[in-house]
Amino acid sequence: MNKRLIAFLSILFLSLSTLLIPASAAVKAGSICKKIGVKSVASGKTYTCIKSGKKLVWNKGVAIQISNPAPINSFSELPTRYKDVKYLSWINMQKAITSAPIQDSLIEIKVSPNVTKYSNKTTEAVRLVQKVFHSNKLPTKAWMVYYNSTDQTSSSWAATEFSQLMGTTERPNPLSPRASTTHEAVIPLSLPNDDYTKSGGTEAHEYLHAVQFNQFVGSTKSPYLAPRWLFEGGGQFIQDYTMYGSNYQDWTSKTSGAQLKTYDLKFFEDFLTYNFPIIYGPDGDPWFYTSQWPNQRVYDVGSLVYQVLIALKGPTNTIDLFRDLSTSGNFDLSFKNVYGISWTEAKPFVAKAIFGMVN
Numbered sequence: 001m002n003k004r005l006i007a008f009l010s011i012l013f014l015s016l017s018t019l020l021i022p023a024s025a026a027v028k029a030g031s032i033c034k035k036i037g038v039k040s041v042a043s044g045k046t047y048t049c050i051k052s053g054k055k056l057v058w059n060k061g062v063a064i065q066i067s068n069p070a071p072i073n074s075f076s077e078l079p080t081r082y083k084d085v086k087y088l089s090w091i092n093m094q095k096a097i098t099s100a101p102i103q104d105s106l107i108e109i110k111v112s113p114n115v116t117k118y119s120n121k122t123t124e125a126v127r128l129v130q131k132v133f134h135s136n137k138l139p140t141k142a143w144m145v146y147y148n149s150t151d152q153t154s155s156s157w158a159a160t161e162f163s164q165l166m167g168t169t170e171r172p173n174p175l176s177p178r179a180s181t182t183h184e185a186v187i188p189l190s191l192p193n194d195d196y197t198k199s200g201g202t203e204a205h206e207y208l209h210a211v212q213f214n215q216f217v218g219s220t221k222s223p224y225l226a227p228r229w230l231f232e233g234g235g236q237f238i239q240d241y242t243m244y245g246s247n248y249q250d251w252t253s254k255t256s257g258a259q260l261k262t263y264d265l266k267f268f269e270d271f272l273t274y275n276f277p278i279i280y281g282p283d284g285d286p287w288f289y290t291s292q293w294p295n296q297r298v299y300d301v302g303s304l305v306y307q308v309l310i311a312l313k314g315p316t317n318t319i320d321l322f323r324d325l326s327t328s329g330n331f332d333l334s335f336k337n338v339y340g341i342s343w344t345e346a347k348p349f350v351a352k353a354i355f356g357m358v359n
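For the sequence shown, position 12 matches number 12 in full-length UniProt numbering, and the numbering has no gaps at all.
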């Protein structure tokens, strides 16, 4: 969890791996573009940059046809239904949001005197996550604490605030959200004022981690019994959804997983292996197993696992998995309790689906 800043790079990798440009560029027919042949998805159409006279402009665009696939009912269907995963995960998110009751739990924003800019989408981002996971056990309150590098001392404003909220004197990790013993989310945010924070994507990512940890409040089991890709995949998935999910075409163009094309099927099968008992690293790291691959993989591969799980059963079950794990202490068993099949049994189907999705 202490290297989550790398999560931000996944969006960069995704944008570099496709010829689609950000929807925020306000693409419309006839407006100026910069490179012939480049495509952009916006408002349900795919636009192509063409030469018109001496100018490069966006063409009239072609409407994107969205299929309405039947539900995927079992993991065994995944290897042949992988093309339907992205849409089904998106539509299941939409259903969760539209069926959610009004979310009115208190959100407190604390800002260090040293911080001059922070997201104006904080509340909106937290509310989105609350709507998606409204059937799960959510924190009773959210503290969003913004600070910067000058606050990273034991006597700083941020350390004092964090100590008061969490009942500890330790220096806050800038990317370590927590759930207090009273089920309040405490989320320190020491982040640049970039597209991720402006959109609320980072706030959604970190708040979801607090929701995950909240399932373990009062439990003697460690949250770190869950694979790291389960933690970070969820954060990456909700971050992407917050930034792009209001429009299916925009979201799907940004979450293609194209940066994973160099990996073969065996990689996905190996990477998603769950070892129980846990294989600890020399320094006691419970997530030592996945450290043999680039750190970014727990984010991008993990987010695709979430697409698969949400396509199958919706978002609620992904948090139910943490809740069950807080009792069982065995991820494989908890997965079976929630999904009706152990992770060891489901993994080959999930790996094949993800391999198909990125290729």
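These aren't lab readings, by the way, just hints derived from the structure by calculation. Keep in mind that a hint or two might mislead.
To be verified - Between beta-carbon pairs, the in silico distance windows are:
#1 Val62 to Thr98: 20 to 30 Å
#2 Glu108 to Val38: 10 to 20 Å
#3 Ala100 to Trp293: 32 to 42 Å
#4 Leu265 to Pro101: 35 to 45 Å
#5 Val38 to Ser219: 17 to 27 Å
#6 Pro294 to Ser219: 51 to 61 Å
#7 Ser74 to Ser52: 24 to 34 Å
#8 Trp293 to His183: 32 to 42 Å
To be verified - Cut-off 27 Å, straight-line C-alpha distance, at most; resulting in silico cross-link-like pairs (DSSO-like, lysine-lysine):
#9 Lys83 to Lys45
#10 Lys266 to Lys254
#11 Lys313 to Lys352
#12 Lys83 to Lys221
#13 Lys254 to Lys34
#14 Lys95 to Lys55
#15 Lys60 to Lys110
#16 Lys110 to Lys95
#17 Lys28 to Lys55
#18 Lys55 to Lys35
#19 Lys95 to Lys83
#20 Lys117 to Lys137
Idealized CB from N, CA, C, for every residue including glycine.
Taking the hints in turn, this is what the structure says about them:
| no. | hint | verdict |
| --- | --- | --- |
| 1 | Val62 to Thr98: 20 to 30 Å | 28 Å, holds |
| 2 | Glu108 to Val38: 10 to 20 Å | 43 Å, violated |
| 3 | Ala100 to Trp293: 32 to 42 Å | 36 Å, holds |
| 4 | Leu265 to Pro101: 35 to 45 Å | 42 Å, holds |
| 5 | Val38 to Ser219: 17 to 27 Å | 50 Å, violated |
| 6 | Pro294 to Ser219: 51 to 61 Å | 31 Å, violated |
| 7 | Ser74 to Ser52: 24 to 34 Å | 50 Å, violated |
| 8 | Trp293 to His183: 32 to 42 Å | 34 Å, holds |
| 9 | Lys83 to Lys45 | 20 Å, holds |
| 10 | Lys266 to Lys254 | 25 Å, holds |
| 11 | Lys313 to Lys352 | 18 Å, holds |
| 12 | Lys83 to Lys221 | 37 Å, violated |
| 13 | Lys254 to Lys34 | 20 Å, holds |
| 14 | Lys95 to Lys55 | 43 Å, violated |
| 15 | Lys60 to Lys110 | 46 Å, violated |
| 16 | Lys110 to Lys95 | 32 Å, violated |
| 17 | Lys28 to Lys55 | 15 Å, holds |
| 18 | Lys55 to Lys35 | 10 Å, holds |
| 19 | Lys95 to Lys83 | 20 Å, holds |
| 20 | Lys117 to Lys137 | 31 Å, violated |
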